[in-house]
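Undergrad: Combine both chains into one complex, guided by the hints.
Keeping their order, the protein sequence lines are chains L and V. The first sequence begins at 3 in my numbering and counts up by one. The second sequence begins at 1338 in my numbering and counts up by one.
Any given hint might turn out to be false.
Straight-line C-alpha distance at most 25 Å; calculated DSS-like pairs for lysine-lysine [as the list claims (entries may be wrong)]: (1) Lys129(L) x Lys1351(V); (2) Lys1351(V) x Lys132(L); (3) Lys1355(V) x Lys125(L); (4) Lys1355(V) x Lys1373(V); (5) Lys56(L) x Lys79(L).
Rather than coming from a laboratory, the hints here were simulated on the basis of the structure.
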Amino acid sequence: MEYEFPDELKYLQTHEWVRIEDNIATVGITDYAQHQLGDIVYVELPEIGTTLKKGVNVAEIESVKAVGELMMPLSGKIIEVNTGLADNPESVNSSPYGTGWMVKIEIINNSEIDELLSVEAYKEIVKTEKK
Amino acid sequence: MDLKRTPFYNIHVKLGAKMVDFAGFSMPVQYDSIIKEHEAVRTKAGVFDVSHMGEFLLEGNDVIDFLQYVMINDLNLLEPSKGQYSCMCYENGTVVDDLVYYEETFDRFRMIVNAGNIEKDFQWLNDHIRGKDVKITNLSSERCRLAFQGPKSDEYLQPLVDVDLLAVNRFYFAHCMLSGVPIFIARTGYTGERGFEISFDNEFAEKIWDELIKAGASPAGLGARDSLRLEATYSLYGHEISDSITPVEAGLFWLVKPKEGIDYIGKNVLMEQKIEGTDRIIVGLNLIDRGVIRDNFKIFKDGAEIGYITSGGYSPTLKKTIGLGLIKKQHKEEGTELEIEVRNKFLKGVVVSTPFYSNV
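Chain V on its own, in the form it takes in the complex (with noise of 0.2 Å):
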């Protein structure tokens, strides 16, 4: 089967980017250095190609009592205008997606889901509306998504929107102008950096693309993408939150809302998990001896197993090698020193205070 192509494709071909399988898509991994495109965002400002991505428009007069019941997260710290980052948890309290809604008004939100859940989570919603008053539509593929990330993403856009960006406060969105064409607009990322996340329709693909890169962009692909989200310790479904690890265990703890009086899938294992703990909690590490931490690496504490690594990797910003890893809650606090196995050795690591990384 041919990989689906997002309706930036053509650009990153014809910039040279290295392409790869991602969710079913043929997306750009770097196009030049993932260092170098890591670093750009870390002092001026990159552009993602995120249209593999899922987008939902949700619809109806009990949309937000829809997602009271399906989100852990609590819609009545929302209001119309801003968006709110969630999981959506099965009953055991593992987690289906996390993604992002935005509240345009009480009867209309959009939805962005990760690009290997888009089916699943179109599924789960709709199994889940229950005869209440919820249309969902599947935008995912009539519109493209940009990340715009960096120090210096105000300053770089705000010529070209219609819009004062610095009234557009952190989670809030707006619908504008960017250079003639209408977008959705929204101050959230997935970096550490300040910056924004647009989507719009996919006729404006390279003319969006174009301005952006003209205002002093540079492209990013899914390996900055990647160690960027490491260094700013934000969660990547299926490594630290997935269908056997729940968010409590991913230390998103806060997330999981108490909301009395209403009901919520996974509700009763969460708040007791958040009440007593879990048995097993993620950690960040780094190594003592040299090398590179990566993912499913295990990890060792006197000769015992107690876990493995969940997401590794190079920190360009810190230069060293970084990794998060699920480990047996004895062992979580910091400076806590164990090993870990590196192909055919075990290298001395210890466990680090987190975020990595936070400019927001």
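Only chain L is shown next, with the shape it has when bound in the complex (with noise of 0.2 Å):
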């Protein structure tokens, strides 16, 4: 099974990947994560404005038959969401970097940049679970 890494993402161990841009950061969950999930039925996104830190839950994402979390990949305040997921929740598994992005962060820390993961360490995670 070959899986799709973009390889000018960050990625963190719990599947999420990370758009940088300026201090805006885009969040969402990779192609291994998608396809372990199955097909998503229902995402609940989180208010605009909240603030929270590293390593929180800020979403749950439901496919068929399971439920997933998406993990806040750096502290930040959420400026937008993916309000497209609610009619089309299966962008995630066909376009899971593109039209099936989650959260949108402004971030608060930038140090907390350099603890994410560079595709070629998230591409070993994934090696080691697919065994």
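TA: Set out below in structure tokens:
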């Protein structure tokens, strides 16, 4: 099974991806995570304006057979959520890095960015999990 | 202990199916997408490996008398070439298993039982023969079973078989040839669509599977099997019926037959429940708030716990979450609003009529 992991993104062990542009981070779940969960049918997104710490649960991702959690990759304030997921939750499966994005965060603590994983480090984690 | 495998195991693995442990068997939960497989069954046809289920042969002059004693349904409604759905119950009315038996001749019946109950059912049946002329053979591991379900199932199957399928009415069965292979085929199913359930010797597994796929059917796994039966509101053993839930509580009061002059296990309790009603009853549920209903979530009304979800999930056809709940009967009216505990929240739900979907 060949999963897609864009080189320019950062990753977490808990299978989130992060795209950083200036002080805004866009977050979603990786191709591996969407495949593990199966057909996504509903995503419970947070309220805009909420400020949360890195590592805290920020969204719940319901698939036909399971529930997954989106963890904050960095501490910050939620400035935008993907309202398109209400009508098209399946875009998390078909376009996990594109139209399946989940939240945008205004980063509070830049030093946390160094703790994110490179694509190579994340690929290693996926390889170990698949065993 | 290693998981058991059906004769289709290699096919599932080659197709890249996600395999899980179901009743001790390694079974495909999905090949590609539960929703796509579900939709294929609702729009054309799907083929399911159900070889993990049990198959018994009952033979002898007293088979009908024997079944009248252990089954709650009435075999006087049966005839050769026809099958019947029933529950086998304990003395207290709760369920040993739900199953289908087919009358080949008055002294030869074929019975299909749930995978998780094969040993239990075989033991229960044998324990209740009580000296009658009945011999039971367990064919489960010698024969495989497939379900072929969908609105195009007749169209796809007819060119392959030597019997007129339209002459095989719902719940009737036939013995015929499918591409030169002898099969048992019944017009029964668990999806709410037109379709068939077939059984045949293990050696023909791959050949029959290939023929059905070539005819246009898509492989469908246990995930779709569950979402389809939930939409059609069919009971699942261990959920809507079990050794703590009676058929009347599950809404299957029509299965409990008076059978005048015939005693059967559970008759007293069940006939009383049928007449008096029960304290709790299974109802259909939707959510008013957004979310997904899942098994075992608790149900509340005005602050009091009134029951729990027996089966919950997502309906690809209705594009929303649906569920069945066992609740105190005072709240069973359609339109009754209640709260469902979803992890750390309480979501507003409502009682709705069932079935959620029907096309048979």
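Undergrad: Now tell me if each hint is right for this structure.
TA: Hints, one by one, checked against the model:
1. For the hint linking Lys129(L) to Lys1351(V), the alpha-carbon distance of about 21 Å falls within 25 Å, and the restraint holds.
2. Our distance criterion of 25 Å between C-alpha atoms is met by Lys1351(V) and Lys132(L), whose separation comes to about 18 Å.
3. At most 25 Å may separate the alpha-carbon atoms for a hinted pair to count; Lys1355(V) and Lys125(L) meet this at roughly 21 Å.
4. As the CA atoms of Lys1355(V) and Lys1373(V) are separated by approximately 15 Å, the hinted pair is consistent with the 25 Å bound.
5. With a CA separation close to 11 Å, the supplied pair Lys56(L) and Lys79(L) stays within the 25 Å bound.
When each numbered hint is compared with the structure, no violation occurs for any of them.
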